[in-house]
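Let's have the full structure, built from the sequences with the hints guiding it.
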Amino acid sequence: MCNVCGCGAGATRVDAGAKPDKGRRHHHHGGAEEDTGSLMAIHEHDHDHDHDHGHGHGHDHDHDHDHGHAQDPAHAAAGDLHFGLGPAHAHAPGLSQPRMVRIEQDILARNNACADANRRWFGAHGVFAINLVSSPGSGKTSLLVRTIEALHGALPLAVIEGDQQTARDADRIRAAGAPALQINTGKGCHLDAAMLGHAIGHLVPADDSLLLIENVGNLVCPAGFDLGEAHKVVVLSVTEGEDKPLKYPDMFHAVDLMLLNKIDLLPHLHFDVAQCIANARRIHPGLEVIELSAESGAGLSAWLDWLHRGVAAARQRRSAGPEAQLAAKG
Amino acid sequence: MHEMALAESVLGLIEDARRRQGFARVRAVRLEIGALAGVEVEALRSCLAIVFERSVARAARIECAIAPGSGYCLDCGQTVAMDALYAACPRCAGPHVQATHGMQMRVRDLMVE
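Chains as they are written, first to last, in this note's numbering: chain A, 1 to 330; chain B, 1 to 113.
Honestly, the hints are just simulated from the structure, not real lab data.
Just so you have them, the derived chain B footprint on chain A, three or more residues with Cβ under 8 Å: (1) 103-116; (2) 187-197; (3) 221-227.
Simulated DEER-style distance windows between Cβ atoms: (4) B:Gly-77 <-> A:Ala-274: 20 to 30 Å; (5) B:Ser-46 <-> A:Lys-247: 21 to 31 Å; (6) A:Ala-175 <-> B:Cys-92: 44 to 54 Å; (7) A:Arg-120 <-> B:Asp-83: 34 to 44 Å.
Over 12 Å on every C-beta distance to chain A, these chain B residues come out as not near it, computed from the model: (8) Ile-66; (9) Pro-68; (10) Ser-70; (11) Gln-78; (12) Thr-79; (13) Ala-81; (14) Pro-90; (15) Arg-91.
Every value quoted in this text rests on a predicted model; they were computed, and no experiment measured them. Note that the Cβ used here is the ideal one computed from N, Cα and C, for glycine as well.
This is how it looks when you write it as structure tokens:
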């Protein structure tokens with residue numbers, strides 16, 4: 001559970017929408033869930049602890065752990081994937097003298113290792129991956145639908161949708177004509193790199209394609225979680241406040257591009273575009289901004305050009321080999 | 001920031017270390033959090049207390065050092081101290097300061113037995 005935003009740790013589900021192509025599935029993250037090929041893993045933990053405290057310095061511990069790991073392949077056909085239901089629990093018996101153990105690792109080291117694996121996979125396959133973030137209701141999904149329609153036949157692309165619940169967004173994307181996979185994060189408020197690794201294992205984006213990842217609608221938590229994408233892109237709509245970049249600075253600091261959406265509504269609103277962009281650049285000097293409307297199509301060509309350039313660069317790096325892919329990291 | 005996910009990640013690093021080093025209990029955990037990392041330290045502490053509860057780090061003392069933030073001011077060309085990502089330059093009051101330090105979130109070391 002997130003103490004700050006109130007989200008909870010819960011079951012995460014991937015809805016592939018169709019049976020995954022097992023022959024093409026890739027595995028780059030170790031872990032029981034993937035190795036089974038099953039799409040659901042339930043971990044049950046029973047803990048019994050007996051503590052006997054003597055009168056001297058003696059301290060006896062008796063620990064009894066039962067760990068049941070139930071796989072439910074019945075859910076495979078439905079394309080559901082549940083992620084870990086909590087941290088590992090373990091005790092080791094016996095005591096020794098206190099000593100220091102150096103760790104010196106980033107708290108997100110595990111996530112970052114998964115993100116690096118995703119990034120290597122994208123590099124090896126020439127996939128240009130974009131992580132779209134915004135608050136709920138900024139028009140991310142509508143923008144994606146419009147983007148898919150505009151790129152139809154011009155660029156191979158796929159979409160990974162992150163939401164707490166429902167497969168509505170993935171259904172909208174599929175209806176627009178692109179392969180899509182829904183990740184439900186349960187009570188989780190962001191996608192992480194391991195979830196994305198599972199998702200690309202099921203979706204298997206085509207070589208030299210565009211992968212659009214729509215993160216959970218949340219301007220806070222997704223900022224800190226690298227998925228292995230080439231760029232984070234924030235969608236801010238003019239129906240929100242122009243001070244949002246100041247209110248959510250971490251996100252606007254983390255992104256490489258801001259899409260200012262719904263500009264067709266500007267005549268009806270008191271929204272200062274120049275002030276909004278100035279606020280974003282106060283947090284992130286030099287931030288690139290594209291003003292557009294998914295509804296009217298205004299400004300869409302600049303966004304499509306940006307995507308085309310990214311895909312072309314990813315293809316070029318793939319053909320240039322691993323050194324160029326490594327140089328493009330980050 | 002998602003403090004519970006961070007707390008679970010800290011426990012993951014501790015469990016990794018336990019598998020390597022084979023200790024029985026964690027007495028203390030020392031963290032280093034950058035002032036610009038976007039982490040609410042008190043929220044992180046309470047999340048750590050929750051995820052540590054049934055683990056090898058149960059009741060471990062949590063020491064959290066805050067690393068100061070600094071950045072490079074594009075307006076005056078100096079390296080300056082930063083309290084927040086959107087703070088103006090304390091030297092020239094220019095708004096274009098690029099953060100360079102204070103974004104880290106690290107587990108430094110553990111006191112174990």
